[in-house]
Amino acid sequence: MIQITGVSKSYKNKNALQAIDIDIQQGDCFGLVGPNGAGKSTLIKILSSILQHDRGNITIQEQPLQKTSQNMIGYVPQDICLEETLTAEDNLTFFARIHHLKGKERRERMDAVLEQISLTNQRKDVVSTFSGGMKRRLNIGCALLHDPDVLIMDEPTVGIDPQSRYNIYSLIHRLRRLGKTIIYTSHYMEEVEQLCNRVAFIDHGEVVAYGSLAQIANQHAKSGVYVEFQSEQFDILKQFEHVEEKGNGYRMLTEQPLQLLEKMAHQFERDHIPIVRLEVSQPKLEDIFLQLTGTALREGDAQ
Amino acid sequence: MFSMYVLEMKKNLKDKGLIFWTLLLPIAFIVVFASIFGSDTTDQELTLHYVDTDQSEASAELLQEISTLKNVELVKEESYANSVEQIQSGQMNVLFHLPEGFSNDGSTHLYYEQVREEVAAPVIAMLENLRYGLQAEEQYTLAQEEWENAAMVAEFFTPPFTIFYEAQDSGGEVDAITHLIPGYAVMFTFFIMISMVTSFIKDQRSGMLSRLAATPLAPLQYLGGKWIAFITIVFLQVVILLLFGYFVYDINLGNVPAITVVSLLLALTATGLGLGLSLIVRTENMGIALTQVIALGGAIVAGLWMPLEFMPSFIQTISVGLPQYWAHQAFLDVMSRGATIVDIWPSLAMLLGFSILGAFIAWLSYGRYVKHAN
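So the protein sequences, as listed, match chains P and X.
Each residue of the first sequence is one higher than the last, beginning at 1 in our numbering.
Each residue of the second sequence is one higher than the last, beginning at 1001 in our numbering.
One chain only, chain P, in its complex shape (with noise of 0.2 Å):
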């Protein structure tokens, strides 16, 4: 559906990306995961056709990516790009307008977005009054108007309620059971784990992993054991090899987590030492994102 391949673009002297190779299949949900500054959004600009990428190819079902692909494509952006004094459908008639949508096709298009982001009451209200969620909703609902193909979601999330994120998960989902394909940019790991089947990870301008999420963890992740003791105990984990801290307990890396779990277990009884949870912990994505790109804060973080 979509190749990318060697894409590179640069600001100046600095690469923010660097021979990107992706290829992502028609209906995934297509997870693009960094730290802030790793180069997602410039691989998303470039996408949408709002920038230029410097080298390298793209294509979108075989067809070289370019302007007139845009009505392929629908983006959303991470910023909520709505006329706040204007009414949704105000909102939502400028963008059909603008993807050349008239008359009763343009009606049937608003009425079925209406639905789909369930804001079909809301429709001649002024956007200035919607909450948080219902405007992140309006603004997912401006870029599905003409029908796309390929749904660009960045960060689409970003500050609501659960409800409200609920609701984008569902319209995600109804959305790839209607054959769409959606790349899904996030910073929110378990979100990224429920919603998307493939995954890049970019750090410093370069897909430090790819492919699908078991894929991923079996190249990345080391299952673990997890120990929550009732009363400090810390001491007599460290004939343990690769411990850190993990909530209210800690957790050994480990190639074989069942049989640490059971020399753990004897070692405990024997001693008497008393604990709350003892368990093979399974890797999850933040694990391996923080594995890939380390704990370190970036420069926008740490400013």
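A couple of the hints might just be wrong.
[To be verified] Below are the EDC-like pairs computed for lysine to aspartate or glutamate, each with C-alpha atoms no more than 16 Å apart in a straight line:
1. P:Lys-124 - P:Asp-79
2. X:Lys-1010 - P:Asp-90
3. X:Lys-1202 - P:Glu-89
4. X:Lys-1014 - P:Glu-228
5. X:Lys-1011 - P:Glu-84
6. X:Lys-1371 - P:Asp-125
7. P:Lys-12 - P:Asp-79
8. X:Lys-1202 - X:Asp-1015
9. X:Lys-1011 - P:Asp-90
10. X:Lys-1010 - P:Glu-84
11. X:Lys-1202 - P:Glu-84
12. X:Lys-1011 - P:Asp-125
13. X:Lys-1011 - P:Glu-83
14. P:Lys-222 - P:Glu-286
15. P:Lys-284 - P:Glu-244
16. X:Lys-1076 - X:Asp-1052
17. X:Lys-1010 - P:Glu-228
18. P:Lys-246 - P:Glu-193
19. X:Lys-1014 - P:Asp-79
20. X:Lys-1014 - P:Asp-125
21. X:Lys-1011 - P:Glu-89
22. X:Lys-1202 - P:Glu-83
23. P:Lys-222 - P:Asp-271
24. X:Lys-1010 - P:Glu-83
25. X:Lys-1010 - P:Asp-125
26. X:Lys-1070 - X:Glu-1045
27. P:Lys-246 - P:Asp-271
28. X:Lys-1014 - P:Glu-244
29. X:Lys-1016 - P:Glu-84
[Said to hold, decoys possible] Which chain X residues face chain P? A few, computed with CB under 10 Å, are given here:
30. Phe-1002
31. Met-1004
32. Val-1006
33. Lys-1010
34. Arg-1131
35. Gln-1221
36. Ala-1359
37. Asn-1374
To be clear, the hints were calculated from the coordinates, so they are not data collected in a lab.
Yeah, the Cβ is synthetic: ideal placement off N, Cα and C, and Gly gets one too.
Following the hints, put chain X in place on chain P, whose structure we already have.
Then chain X, alone, in the frame of chain P:
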């Protein structure tokens, strides 16, 4: 382009600030300044307070002469001391005193507050004029009595030159309000730049510009749609202000096609330069500050507030380089001198040139404007 135009019009028509800047404020200015400058100044009366201590036939004669002057009102004061106190406290402007002995030596005193000399100036001019007039009259009578040669008397008292006042009818009506209304209309059209800067910077910062770049909307359609919306607003602004002048102050609009073309080209110029400014500035504050300089500075230098003839020659030279000057001249030509489109073509060409310049700057700056978009 039409979709962009409709969106911008809807946005702006809901903007109360825009209505204030484009209509309410200029109308308030016109009403206030028309009430100040619009009244007939030839009917204004000079009030002259006087105290006649001399109480002679000569003093009565002089006061009689003064009372016959047009637009002079004599007010008799009983107490000389009280009147001087009133002048010192600013309660009286001028006091004319004819002291005892006036009939012998002709001495009079004019009292006025030193810090308000300009208030006394017209009274001083009037009294000086009267003094020279009476002196000439006295000399003429004396010469007639003493000189035998009447021709010599007539020749002696004939002034060195004579003025024949011949006002030319330029086909229209010229009064203070006919100058004032187009002046303020021109000045306030340039305040549209504030709304334009705000709109473009908001698009750039809010992510709307990036979002639009991801749609089939071409840059020309984006710029054109927004520009035409602002042209429409400014054109309506000028039309409403001129119609306000027509219906409330009965000003002469002159040739309708000509006044329409001037209004349209003024709208094109103010918004064209606004377009250029909006795409150059980095911040809204910078845009607002530059608009103040362009709108207010341009209004002063281009003679929208006071006739250019009252200004230094270098200001008059600079004014020719300003769009406000050409727009104002075109309006005055049409409204006061009955000019048609053909008569004012140089002004129209200059306005068109300024609007093209603004649009050209905008086109050159568009790439950088998009590059800095969020």
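For each hint, the structure was consulted:
1. P:Lys-124 - P:Asp-79: 22 Å, violated
2. X:Lys-1010 - P:Asp-90: Roughly 9 Å separates the two Cα atoms, so the pair holds.
3. X:Lys-1202 - P:Glu-89: Answer violated: X:Lys-1202 to P:Glu-89 is near 21 Å, above 16 Å.
4. X:Lys-1014 - P:Glu-228: 60 Å, violated
5. X:Lys-1011 - P:Glu-84: Answer holds: X:Lys-1011 to P:Glu-84 is near 9 Å, not above 16 Å.
6. X:Lys-1371 - P:Asp-125: 34 Å, violated
7. P:Lys-12 - P:Asp-79: 25 Å, violated
8. X:Lys-1202 - X:Asp-1015: Given that 16 Å is the threshold and the Cα spacing comes to 14 Å, the pair holds.
9. X:Lys-1011 - P:Asp-90: 10 Å, holds
10. X:Lys-1010 - P:Glu-84: The given pair, whose Cα atoms are some 12 Å apart, holds under the 16 Å limit.
11. X:Lys-1202 - P:Glu-84: 12 Å, holds
12. X:Lys-1011 - P:Asp-125: Judged against 16 Å, a Cα distance of about 15 Å means the pair holds.
13. X:Lys-1011 - P:Glu-83: Cα-Cα ~8 Å, so holds.
14. P:Lys-222 - P:Glu-286: Roughly 13 Å between the alpha carbons, so the hint for P:Lys-222 and P:Glu-286 holds.
15. P:Lys-284 - P:Glu-244: 15 Å, holds
16. X:Lys-1076 - X:Asp-1052: Roughly 8 Å between the alpha carbons, so the hint for X:Lys-1076 and X:Asp-1052 holds.
17. X:Lys-1010 - P:Glu-228: Violated, at about 61 Å.
18. P:Lys-246 - P:Glu-193: Measuring from Cα to Cα gives roughly 19 Å; hence the hint is violated.
19. X:Lys-1014 - P:Asp-79: 23 Å, violated
20. X:Lys-1014 - P:Asp-125: The hint holds at about 14 Å.
21. X:Lys-1011 - P:Glu-89: Judged against 16 Å, a Cα distance of about 14 Å means the pair holds.
22. X:Lys-1202 - P:Glu-83: It holds: about 10 Å lies between the C-alpha atoms, which stays within 16 Å.
23. P:Lys-222 - P:Asp-271: At roughly 28 Å apart (the allowed maximum being 16 Å), P:Asp-271 and P:Lys-222 break the hint.
24. X:Lys-1010 - P:Glu-83: OK: X:Lys-1010 and P:Glu-83 at ~10 Å, within 16 Å.
25. X:Lys-1010 - P:Asp-125: The hint holds at about 15 Å.
26. X:Lys-1070 - X:Glu-1045: Answer holds: X:Lys-1070 to X:Glu-1045 is near 8 Å, not above 16 Å.
27. P:Lys-246 - P:Asp-271: Not satisfied, since the Cα-Cα distance of roughly 23 Å exceeds 16 Å.
28. X:Lys-1014 - P:Glu-244: Answer violated: X:Lys-1014 to P:Glu-244 is near 58 Å, above 16 Å.
29. X:Lys-1016 - P:Glu-84: 15 Å, holds
30. Phe-1002: Given a least distance of 7 Å, the restraint on X:Phe-1002 holds.
31. Met-1004: Because about 8 Å separates X:Met-1004 from the closest Cβ in chain P, which is inside the 10 Å limit, the hint holds.
32. Val-1006: 7 Å, holds
33. Lys-1010: 6 Å, holds
34. Arg-1131: Hint on X:Arg-1131: violated, closest Cβ of chain P at ~70 Å, above 10 Å.
35. Gln-1221: 9 Å, holds
36. Ala-1359: Given a least distance of 22 Å, the restraint on X:Ala-1359 is violated.
37. Asn-1374: Status holds, d = 6 Å.
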